[in-house]
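Undergrad: Chain by chain, the residues:
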Amino acid sequence: MNHFLMGRELLLSELKEDCLKEDNGMTSKGFIEVGQQQICRRCGSNQPKDRQAAPCTCGKNCFYCIRCLQMGKVKQCSKFYHIPEKNQFIPIKEPILTWRGQLSQQQEIASKEIETTIKTGQTRLIWAVAGAGKTEMLFKGIEWAIKSGKRVCIASPRTDVCLELAPRLKSAFQYVEQITLYGEMEESYSYTQLVIATTHQLMRFREAFDVLIIDEIDAFPFDTDKSLQYAAQKAKKTTGTLIYLSATPNKKMRQDIAQKKLTASVLPARYHGFELPEPKAIWAGDWRKSIVKRQKNAVIFKEIQRLLQAKRRFLVFVPNIELMLEFSSCLADFFPDCSFTSVSSEDEQRKEKVQKMRDESYQFMLTTTILERGVTFRDIDVLVVGAEDRTFTEAALIQIAGRVGRHRDFPTGEVHYLHYGQTKALKDAIAQIKKMNQLARERGLLIGK
Amino acid sequence: MNCLWCGKTTKEGIQLRELVSFTRVEPMVRCDSCSSKLVSLQNVPICRGCSRHWIEEELCPDCQKWKVEYPSYPFKHTALYQYNTFIKEWIEAYKYTGDYRLGELFKKEIQSFFFKQKKQVVPIPISDKSKQLRGFNQVEGLLEFSGVSYTAVLIHCGTGEKQSSKDRKMRMLSPQPFVVDKSLQMNIKGKHLILVDDIYTTGRTFFHAADCLMRNGAQSIETFSVSR
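Read top to bottom, the protein sequences are chains A and B. With this note's numbering applied, the first sequence covers 1 to 449. With this note's numbering applied, the second sequence covers 1 to 228.
Hints are supplied without guarantee of correctness; some may be wrong.
[To be verified] Subject to a maximum C-alpha distance of 27 Å in a straight line, what follows is the list of computed DSS-like cross-link-like pairs (lysine-lysine):
1. B:K129 <-> A:K16
2. A:K353 <-> A:K311
3. B:K107 <-> A:K79
4. A:K16 <-> B:K131
5. A:K60 <-> B:K37
6. B:K162 <-> A:K16
7. B:K8 <-> A:K49
8. A:K49 <-> B:K162
9. A:K79 <-> B:K8
10. B:K162 <-> A:K351
11. B:K37 <-> A:K79
[Claimed, not checked] Chain A regions said to be covered by chain B (calculated; three or more residues, Cβ under 8 Å):
12. 54-63
13. 68-75
Calculated from the structure, these hints are not laboratory results. Built from N, CA and C at the ideal position, the CB exists for glycine as well.
Could you put the whole structure together from the sequences, leaning on the hints where they help?
TA: See below:
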């Protein structure tokens, strides 16, 4: 049986040589025709603007999909190859779960709820604040699924999240074969019961997973890219379980919860039992002008000076790269003895710089929203300069605040939103964090303050 | 306009000269930022044989080696841009990923090179295997987007092993992959031809193609590529 293709849907160019010899697969055309509509079979786009006409060897008026072109060209005349998932896994010796940690009270409850969801093949959102310990509460459910011979996938829109998850899962399930799929991977694909993948890679699957868990569903680009949402639906079996994880579900999801269209587990407390640091909104006046005119007495510079004097380490979030660089040169003049750096998506040394910040080689770091999630520093404070800017959405501000106080030994810290007029997003973010703390208190989940 | 390469939107101004002369203003294809990543070979000292950056009057060492094998060859190549990361990424996206739209990226430069060109244009063909994979011949794509008419007299009858997957030594040893389409042979007899490819790397492909055309009665041959 051809395991390479099982549960996947691939183009001819993606197949291994020997795949075609065993003629037991199914084939289908590159585009699905529904009336006048043409739908890309891989990414689900039906938009005329996503299709490009081009000459082709097939001779007809051929076109291809621009939407998912990065994954290889899907032409109208392309053929997709697919073998239905048959869950052919070798039984694994016990114990399947080799993790020996202890769950907190609320993790325990969520863990049970996840297990039930998996057993009954339903959909559930795990709404857990940053630092709640989401990964650990998945373990029990995954263990049951693996034991029952089900195929499990944990996906995230972000490659770095996948790469961080992989070793944690490997050590929790030492005897379970797993593979991590992402754009620039060097290892070649192999058929495994446990799969970790970016949401882009889900496009290459069809009805493969009995359990699909998607972490950071509100993160870019999953939040706005319909083709990824289509891919997720396609990658799971029709009877499969879908579990969403998020610290900041969008409005649509929150409405669905309120209207009971979506089942959710809400986890308002952090694993260490300390409350979330509540951000303070501080008026910073025309901070852009303060940067351009280099006004050393302006609020933004005083805030930085205050943290430096207190010998704190901290992150400074700025709305965009240009501003960050300008601000950075300004700070280099004002605080010449201070070691700091700046990092953005366009920075090739991003990884190294973040590591150096973790190693405490810098006193502070300027950054754009790229560090809003997925990164943990031991003991830091956070400043958001220009918190009223539209790049700082409610979700972004909550995630940013979630960088503070994550470590058990350093569970507190300061979050300051420096603004030139409060936006709705800013007020909502603070309200949301307060609400979560309130909820945690009511449930008796807080041990300290 | 939206840049064909990076997708960013930029505003285009109309110059007074264009306004008063009533010339048709062609929309830009690339943004300035992308164009600045290209290294032009138009106004720098180059080897007249292969168009690479070269200061001396004599042919570059590569061309001199070719001269030994092809003593009667005229050695006249024009390339638009130096091979660099930008070109590499373009080739990757246009040729290998097969994004046909990107054949327009050098439209203006190609148009101005072939403007009032009387010589017959011959694109380098690709193997059937490559054509199946890409769906189109990338050189013909470049010419089509630029509105340059051409005669596809050459046929690729090789195995379709990509030159780019071989090292230099293997490339130099590769056998003649081209033949002339007999039904079109009359179109080249005694004609002056320009051979076109997307990229000049070792020159192996061009020399094979030129050799094949000369043997079939072409009068003279010069060559053109987007990149060197």
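Undergrad: Indicate, hint by hint, whether the structure satisfies it.
TA: Hint check results:
no.	hint	in the structure
1	B:K129 <-> A:K16	holds (16 Å)
2	A:K353 <-> A:K311	holds (20 Å)
3	B:K107 <-> A:K79	violated (32 Å)
4	A:K16 <-> B:K131	holds (20 Å)
5	A:K60 <-> B:K37	violated (37 Å)
6	B:K162 <-> A:K16	holds (18 Å)
7	B:K8 <-> A:K49	holds (17 Å)
8	A:K49 <-> B:K162	violated (32 Å)
9	A:K79 <-> B:K8	violated (33 Å)
10	B:K162 <-> A:K351	violated (35 Å)
11	B:K37 <-> A:K79	violated (37 Å)
12	54-63	holds (count 6)
13	68-75	holds (count 5)
Of the numbered hints stated above, those contradicted by the structure are hints 3, 5, 8, 9, 10 and 11, listed in ascending order.
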